[in-house]
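In the order they appear, the protein sequences are chains Y and C.
Using the numbering used here, the first residue of the first sequence is number 3, and each one after it goes up by one.
Using the numbering used here, the first residue of the second sequence is number 3, and each one after it goes up by one.
Incorrect hints may appear among the rest.
Copies of the same chain are indistinguishable here, so a pair counts whether it falls within one copy or spans any two.
Said to hold, decoys possible - Distance condition first, Cα-Cα at most 16 Å in a straight line; then the derived EDC-like pairs of lysine to aspartate or glutamate:
id, residue 1, residue 2
1, Lys208, Glu24
2, Lys208, Asp139
3, Lys253, Asp9
4, Lys253, Asp200
5, Lys208, Glu95
6, Lys253, Asp241
7, Lys253, Glu60
8, Lys253, Asp151
9, Lys253, Asp88
10, Lys208, Glu126
To be clear, the hints were calculated from the coordinates, so they are not data collected in a lab.
For clarity, every value in this text was computed on a predicted model and none was experimentally measured.
Number of protein chains: 2
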Amino acid sequence: MHAPDGDPLLRQVLRGVNGSDERLNEVVSSLITHLHAFVADVRPTEHEWLAGLAFLAETGQRWCGPHRDEFILLSDMLGLTTAVDDVNHSGPETMTPSSVQGPFHSPAPPRELGDWIAHGPERERATPAVVHGRVLDCDGAPVPGAVVDVWQANDTGLYDSQDDTQEPGNLRALLTAGPDGGYWFRTVRPASYPVPTDGTAGRLLKAIGRHPMRPAHVHVQVTAPGYRPLTTHVFLAGDPYLDSDAAFAVKPELIRRPVRRESPDDLRRWEMDGPFEEIEFDLRMVPLGWAEERP
Amino acid sequence: MHAPDGDPLLRQVLRGVNGSDERLNEVVSSLITHLHAFVADVRPTEHEWLAGLAFLAETGQRWCGPHRDEFILLSDMLGLTTAVDDVNHSGPETMTPSSVQGPFHSPAPPRELGDWIAHGPERERATPAVVHGRVLDCDGAPVPGAVVDVWQANDTGLYDSQDDTQEPGNLRALLTAGPDGGYWFRTVRPASYPVPTDGTAGRLLKAIGRHPMRPAHVHVQVTAPGYRPLTTHVFLAGDPYLDSDAAFAVKPELIRRPVRRESPDDLRRWEMDGPFEEIEFDLRMVPLGWAEERP
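Isolated chain Y (complex conformation) (with noise of 0.2 Å):
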């Protein structure tokens, strides 16, 4: 790294960050430095360093606004939104790993446990799956009666705010888990889906060869009184793109494969009446005050 004090302009610009607020000085402070140190590095022409601020102009001006936020996309698509989950959520070993939220977080439908959360045309047509598991602490215990929030794409890929064929809330479930921290809802597999790429974040892809496809998952947000909240996917072992998510959001304990069931006690079990896919998806959290090591 560029060394401050090699540099008598970054000194100097350092020596200007002195506002009230200490931690907005520190954090100025080392993008101040960080980017002195890449502009020392990659030595940029005039020209490529126009093209670079005109490149950010554009994201702000043509893609981002009510509806879309290309910066948050860039950030997801160059790993820093997973850089910035993990640096937020260590824990113990046995905890569910955290990983990103995405853009298509919406409030989801209050529905109990077991009910069919795809209500679409997807529902005649693609795989059916009993998604399920149990809410746990660290240790092994239940959390009767935490929060579990789950939204998902559909066999298309598509979420209900993507697609005119989907009602809102479908394919969305706000589930409270029972005595034994158990969850369940029925649903159907999602498909894997690029990333939106008409915008900058597409553009950049493309040019850095990388593909814009995130690998099958559904989200889950859980919460209950005690814990710290866990956001976080369920991946589908087989999915040709899990090791190389557009989102960098995969992590090898957040991978479950399904399992075809099609045995009448299988069926009786889970309410189905055709053959089906089991996902089974124990969700682990940390309780607050849990002493985080930094090293």
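Keeping the supplied structure of chain Y fixed, place chain C upon it in accordance with the hints.
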């Protein structure tokens, strides 16, 4: 610096950079590395991170357009424009250092050597000044016929494009140096002025406790066949903002002390009819092909 080897996430993000443009791969990889190091250093909360991304979105959405570019302003305010300028303009010790172009350049009217360039009300109220010098190479030999493009604010710190009392082209000139490389023009002393503070850059400056002022200066851009174009400023000694230029564009070699002149000889020599300030500023150009030594 955050070592890629120690960070599996960063390693994975960097592995994804594989476009056909090697230079773009290099720039993007370096940016990713430095931004991940920034996250590791400051450990932003999710709230802080989203606030930073919202700042960028607002910068593009509200403060960039045909007549304004707040990302360029931010680059100036963080010393990055000067850093980029510096990596692109190293040269012999005797050269005139480069300095940032800023946002106020526009095509200037061709004028004759010695012409008045102040034609607005500032001509009646401001301190008259004569700016002169010679365009030379780094060994001191004249560069006859060099084209010298100058632009400046008036005594209230406003450029023609910001001020209804000035005609377009006021306080601007395109001059051709004489056979001895000499150039001169009659004008008024410029005033220091604030950069725009109504946008996100102004908000940032205030938050980190910095004023928005730029010390008084005249912009100069000089071109001549066989020489590297030179864009720079001449600053006026004694200005209270020389040590704290909001744009970090001041270099000691660019500061000149205006000298008050009122003798009949001086008035006759410079065709002035009353006391004025003389500002002498030679411009030493670097020949094309000068072998830059990179450390």
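Hints, verified against the model:
Proximity of Lys208 and Glu24 under a CA criterion of 16 Å is satisfied inter-copy only: 14 Å between copies versus 39 Å inside one chain copy. For a Cα distance limit of 16 Å, the shortest separation of Lys208 from Asp139 qualifies neither inside one copy, at 42 Å, nor across copies, at 45 Å. Taking identical chains as interchangeable, the C-alpha atoms of Lys253 and Asp9 lie at most 16 Å apart only when they sit on different chains, with a minimum of 14 Å there against 40 Å within one chain. For a Cα distance limit of 16 Å, the shortest separation of Lys253 from Asp200 qualifies neither inside one copy, at 28 Å, nor across copies, at 43 Å.
Taking the closest pair of Cα atoms, Lys208 and Glu95 never come within 16 Å of each other, the shortest separation being 36 Å inside a single copy and 43 Å across copies. Proximity of Lys253 and Asp241 under a CA criterion of 16 Å is satisfied intra-copy only: 13 Å inside one chain copy versus 57 Å between copies. Within a single copy, Lys253 and Glu60 get their C-alpha atoms no closer than 32 Å, and across copies no closer than 32 Å, so neither meets the 16 Å cut-off. Taking the closest pair of Cα atoms, Lys253 and Asp151 never come within 16 Å of each other, the shortest separation being 20 Å inside a single copy and 58 Å across copies.
Taking identical chains as interchangeable, the C-alpha atoms of Lys253 and Asp88 lie at most 16 Å apart only when both belong to the same chain, with a minimum of 11 Å there against 43 Å between chains. In this assembly of identical chains, the alpha carbons of Lys208 and Glu126 never lie at most 16 Å apart, being 35 Å within a copy and 58 Å across copies at closest.
Violated hints for the displayed structure, listed by number in ascending order: 2, 4, 5, 7, 8, 10.
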